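Visitor: Below, each chain spelled out in residue letters.
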Amino acid sequence: MNRFSKFGQYGIFLAFALICLVLALSTPKFFTISNLLIIGNQVSINALLAFGVTFVIITGGIDLSLGSMVAVTGVAAASFAHPDTYPLVVPLLVGLGAGSAMGAFNGLVITKSKVPPFIVTLGTMTIGRGLALILSKGRPVSNLSDEFNFIGGGNIAGIPFPIIILLIAFAVCSVVLNKTILGRYMYAVGGNEPAARASGIRVSRVKMWVYTICGLLSALGGILLTSRITTGQPNAGAGFELDAIAAAIIGGTSTSGGTGTMTGTLIGALLIGVISNSLDLLNVTSYYQQVVMGVIIIGAVVLDGVGKKD
Amino acid sequence: MSDYILRVKGISKSFSGVKALDNIHFDLKKGEVHALMGENGAGKSTFMKILIGLVVPDSGEVLLEGENLSGSHVTETLKKGISMIHQEILIIPELTVAQNIFLGREREVSGKGGILSGWLNDSEINRQAAALLDRMGVNIAPKAKMKHLSVAQMQMVEIAKAISNNAKVIIMDEPTSAISEKEVATLFQIIRDLKAQGVSIIYISHKMDEIFQISDTITVLRDGKYIGTKRAAELDQNALIAMMVGREIDQMFPEATQPVGHELLSVKNLGRAGKFANITFNVKSGEILGLAGLMGAGRTEIARAIFGLDHWDEGEISIKQTPIRARTPREAIDRGIGYVSEDRKGLGFIPRMSVKDNITLSSMNNHRKGGFINTHSEQSVTEQMIADLKIKTAGTGQHVTYLSGGNQQKVVIGRVLLASPEIIMLDEPTRGVDVGAKFEIYKLIRSLADRGMAIIMISSELPEILGLSDRILVLSKGKQTALLSKAEATQELIMRYAVA
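Each protein sequence line maps, in turn, to chains A and B.
As numbered in full-length UniProt numbering, residues 1 to 310 make up the first sequence, in order.
As numbered in full-length UniProt numbering, residues 1 to 500 make up the second sequence, in order.
Careful, some of the hints might be misleading.
Within a straight-line C-alpha distance of at most 25 Å, the following computed SDA-like cross-link-like pairs (lysine to any residue) qualify [as the list claims (entries may be wrong)]:
| hint | chain 1 | residue 1 | chain 2 | residue 2 |
| --- | --- | --- | --- | --- |
| 1 | A | K114 | B | R330 |
| 2 | A | K112 | B | T396 |
| 3 | B | K345 | A | P194 |
| 4 | B | K369 | A | T180 |
| 5 | A | K179 | B | S377 |
| 6 | B | K345 | A | L182 |
| 7 | A | K179 | B | H367 |
| 8 | B | K369 | A | L182 |
| 9 | A | K112 | B | H262 |
| 10 | A | K112 | B | D58 |
| 11 | A | K114 | B | K320 |
| 12 | A | K179 | B | K147 |
| 13 | B | K147 | A | P140 |
| 14 | A | K114 | B | H148 |
| 15 | A | K179 | B | P351 |
| 16 | A | K179 | B | G406 |
| 17 | B | K19 | B | G406 |
| 18 | B | K29 | B | G336 |
| 19 | A | K179 | B | T401 |
| 20 | A | K179 | B | V381 |
| 21 | A | K114 | B | D310 |
| 22 | A | K179 | B | K320 |
| 23 | B | K182 | B | A196 |
| 24 | B | K369 | A | R205 |
| 25 | B | K345 | B | A437 |
| 26 | B | K275 | A | W209 |
| 27 | B | K320 | B | H262 |
| 28 | B | K369 | A | K112 |
| 29 | B | K369 | A | P116 |
| 30 | A | K179 | B | T396 |
| 31 | B | K147 | A | P116 |
Cβ-Cβ distance ranges computed for the label pairs, FRET-style [said to hold, decoys possible]:
| hint | chain 1 | residue 1 | chain 2 | residue 2 | range |
| --- | --- | --- | --- | --- | --- |
| 32 | A | F31 | B | H73 | 54 to 62 Å |
| 33 | B | N365 | A | T32 | 46 to 54 Å |
| 34 | B | E331 | A | S113 | 40 to 48 Å |
| 35 | B | E94 | A | K137 | 43 to 51 Å |
| 36 | A | V301 | B | K182 | 34 to 42 Å |
| 37 | A | V295 | B | K9 | 33 to 41 Å |
| 38 | A | A171 | B | N365 | 35 to 43 Å |
| 39 | A | V295 | B | E94 | 33 to 41 Å |
Don't read these hints as lab results, they were simulated from the structure.
For clarity, every value in this text was computed on a predicted model and none was experimentally measured.
Positions of the beta carbon are idealized from the N, C-alpha and C atoms, including for glycine.
Just need the whole structure built from these sequences, with the hints factored in.
Guide: Shown next as structure tokens:
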């Protein structure tokens, strides 16, 4: 990207490396394989949501309904994941399908109504929460099959399965953003929507894709969470959207659209994870953790603002 | 000589080496209406900006009642008595008329001191606004929200604001461009009242009849130079036009080398409510059709409609005899139409994307390999285009925002060309482009026509229109007033039809 956002991205790398170094020196428990795997496992859900919302923010939009989509898709998948009922593929398809449908609904309303994405997804955030409660009749959906619970709780060769999902999702999202025409169009739409339209880009179609992908990734996060806590919780995921947006912003995605990278978002998510993990290790209460996180978010945007002169 | 309220002596101003104003003189008497005339690009707006303190001149001085204002900031010139009524009216729509009039001066008007000095006194603000509007003889409620007013009423509010600032000089930039004839009459009455009170008006307009109706004195600028000042009574329309366009056209424009071919685009009775009506023309392969007219004549709107950016209500557009209706730019591009917008920053390119990504943006289907981008073909096509159009850039990865205006324009043209259009519409293709790059763009336009494309060129620069076009369509207020051949067209003739 341009030299300023490049600086911003290196800046976040540097900050991340520096924080890791300080932590490694101050607490011996930090830089152990088991702790690093714990961090990876912990950030996986937030990172998946953050990848989704990165696409959206690059096109100049925003999605506040991520947390609710996590709940709906988790409950929906759990309802089909009781032992000896359906094969594993059914709850997965139901969850992913529900997420994509909700994302597509966001996209449809945004492109057809011209209502700002902030408002539309604020609405679907509430709608989604209601749907999750309706689907589950307000009760947690428990008693899930072992195969299903493996997704969020299992290991392959000692590596937690969520980390493997995270890495695959990261690779796929990076390729979509950098190597496909759709990815190029996302940057164009966010960089200058009228010019993108005048260049012959079907802007509505790009937005439909972006919100649908975001819904799909939220569903993946929802399935992962449900599997990890072995219950479909209608109240799960509240506030997740803010962590995801924070990860994207810390990673250098500009809220005004047109810039951002998946690598940056991954680092952003890891940074959030590392800080809360290490503050835990250092016995800092979670109250202080929130203050630190807030300072980092603002710092990241200030850095981004410094780079933007046009 | 004390009857001069404002004297401007030898003002010059250059922007990045290009002289926008060269040794301009301007004397304004107390209580006169002084028209400032010139084509687009003659330097009027830079001159105005210097008067109100938005631009600092390189040399020369501005004297208001003998006091040197050069280098004063806008707020100072305003306080000292120079107000401007802008062409696009600057108001805050959600505030009331009274609040707009006294915006930024609430403290003085509220008239409270000490602990209450931050306290608004809305009834006093409303009272003073009512008195002011009453004195002007206009019927506008001070408590009405600005957004509910007509353009003419907003203008009156702006004038009221100027008066409340004790303006000695009021600059009016195209004040009648968006108001009805009846409202013009009201405006002129107010101008005459202001004159009688000793306020001086600098009046900018393209409308000849108005100029002769309202102004006492006329000063003409051309190409940033002072041409002359005459009493309005000493001039007639022809003499004034001759003063405005009197330059010689240099040999900047390449001649056609290929004969004109068959018809590519035809437009019949095209109309859009409130914008343009009954537009009929065609363009042939190898031909350049110039679209001339003043700002707001409907030229850009016609191009946007053909390109699918705006809808249109009536008539027919055909490409090679087949009627089309492009509802989106994508459809227009697929039908072989290209559009280089006048609004380069808004509609031309994506600033934070590279030259390569911008230039291939309309033709990504040529670089599709499965769902992925074929970066190799993209790269080679871009390098070829950079060479063909002589785009000065640090490389294919350079962000377009860092290129000069002329090179940005070439990137946009490159993007349009890569979508293989047969018909290209260029809207003010050389606006904001320096003279050297202008010449290259002229050569490029001619060579595209020689390659068999049909070109529609919209331009406010008459020399450009005359030099490059094979035929010229003149528009005035959304209507087609003339279709001239190259042989019969002159600057005077075009101007006459453009103000018809």
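Visitor: Hint by hint, note whether the structure agrees.
Guide: These are the hints, each one checked on the structure:
Taking the CA atoms of A:K114 and B:R330, the gap is near 20 Å; set against the 25 Å cutoff, the hint holds. Taking the CA atoms of A:K112 and B:T396, the gap is about 36 Å. The hint is violated against a cut of 25 Å. In summary, the hint linking B:K345 to A:P194 is supported, as the alpha carbons are separated by about 10 Å, within the 25 Å threshold. For the given pair, B:K369 sits about 9 Å from A:T180 by alpha-carbon distance, which is consistent with the 25 Å threshold.
Proposed proximity of A:K179 and B:S377 is supported: the alpha carbons are some 14 Å apart, at most 25 Å. Of the pairs offered as hints, the one joining B:K345 and A:L182 holds, with about 23 Å between alpha carbons and a cut-off of 25 Å not exceeded. At roughly 11 Å between alpha-carbon atoms, A:K179 and B:H367 fall within 25 Å of each other, so this suggested pair holds. Among the hinted pairs, B:K369 with A:L182 is consistent with the structure: their alpha-carbon atoms are about 13 Å apart, no more than 25 Å.
Note on A:K112 and B:H262: the hinted pairing is violated, with a Cα-Cα distance of about 41 Å set against a maximum of 25 Å. Distance check on the hinted pair: A:K112 and B:D58 sit about 52 Å apart at the alpha-carbon level, beyond 25 Å; violated. Taking the CA atoms of A:K114 and B:K320, the gap is about 36 Å. The hint is violated against a cut of 25 Å. In summary, the hint linking A:K179 to B:K147 is not supported, as the alpha carbons are separated by about 47 Å, beyond the 25 Å threshold.
Between B:K147 and A:P140 the CA atoms are separated by roughly 53 Å; this puts the pair beyond 25 Å, and the hint is violated. Taking the CA atoms of A:K114 and B:H148, the gap is about 24 Å. The hint holds against a cut of 25 Å. For the given pair, A:K179 sits about 20 Å from B:P351 by alpha-carbon distance, which is consistent with the 25 Å threshold. For the suggested pair A:K179 and B:G406, the alpha carbons sit about 30 Å apart, so the restraint of at most 25 Å is broken.
Proximity of B:K19 to B:G406 is assessed by CA-CA distance (about 17 Å); at most 25 Å being required, the pair is judged to hold. Restraint check for B:K29 and B:G336: not satisfied, since their Cα atoms lie roughly 57 Å apart, outside the 25 Å limit. Under the criterion of a C-alpha separation no larger than 25 Å, the hint pairing A:K179 with B:T401 is consistent with the structure, at around 23 Å. With a C-alpha separation of about 18 Å, the suggested pairing of A:K179 with B:V381 holds against the 25 Å cut-off.
The straight-line distance between the Cα atoms of A:K114 and B:D310 is roughly 17 Å, inside the 25 Å bound, and the hint therefore holds. Restraint check: the Cα-Cα separation between A:K179 and B:K320 comes to about 38 Å, which exceeds 25 Å; the hinted pair is violated. Taken as a hint, the B:K182 and B:A196 pair is honoured in the structure, with Cα atoms around 22 Å apart against an allowance of 25 Å. Between B:K369 and A:R205, the direct Cα distance comes to roughly 20 Å. Compliance with the 25 Å bound is thereby established for this hinted pair.
For a cut-off of 25 Å, the pair hint linking B:K345 to B:A437 stands: about 18 Å separates their Cα positions. About 35 Å separates the Cα atoms of B:K275 and A:W209, which puts this hinted pair outside 25 Å; it is violated. For the hint pairing B:K320 with B:H262, the CA-to-CA distance comes to about 8 Å; that is within 25 Å, so the pair holds. Restraint check for B:K369 and A:K112: the C-alpha separation of about 31 Å exceeds 25 Å, so the hint is violated.
For the proposed pair B:K369 and A:P116, the alpha carbon gap of about 34 Å is over 25 Å, so the pair is violated. Of the supplied pair hints, the one linking A:K179 and B:T396 holds, its CA atoms being roughly 17 Å apart against a limit of 25 Å. Between B:K147 and A:P116, the direct Cα distance comes to roughly 22 Å. Compliance with the 25 Å bound is thereby established for this hinted pair. The hint said 54 to 62 Å for the Cβ distance between A:F31 and B:H73, and at roughly 58 Å that hint holds.
As the Cβ distance of B:N365 to A:T32 is approximately 51 Å, the hint placing it in 46 to 54 Å holds. Checked against the hint of 40 to 48 Å, the C-beta distance between B:E331 and A:S113 comes to roughly 23 Å, which is inconsistent with it. Take B:E94 and A:K137: their Cβ atoms lie about 47 Å apart, and the range 43 to 51 Å holds. Checking the proposed 34 to 42 Å range against A:V301 and B:K182 shows it is violated: the Cβ atoms sit about 52 Å from each other.
Evaluation of the 33 to 41 Å hint for A:V295 and B:K9 yields a failure: the beta carbon distance comes to about 57 Å. For A:A171 and B:N365, the Cβ-Cβ distance of about 26 Å falls outside the hinted range of 35 to 43 Å, so the restraint is violated. Taking 33 to 41 Å as the suggested C-beta distance range, the pair A:V295 and B:E94 conforms, at roughly 35 Å.
Hints 2, 9, 10, 11, 12, 13, 16, 18, 22, 26, 28, 29, 34, 36, 37 and 38, counting from the list given before, are not met by this structure.
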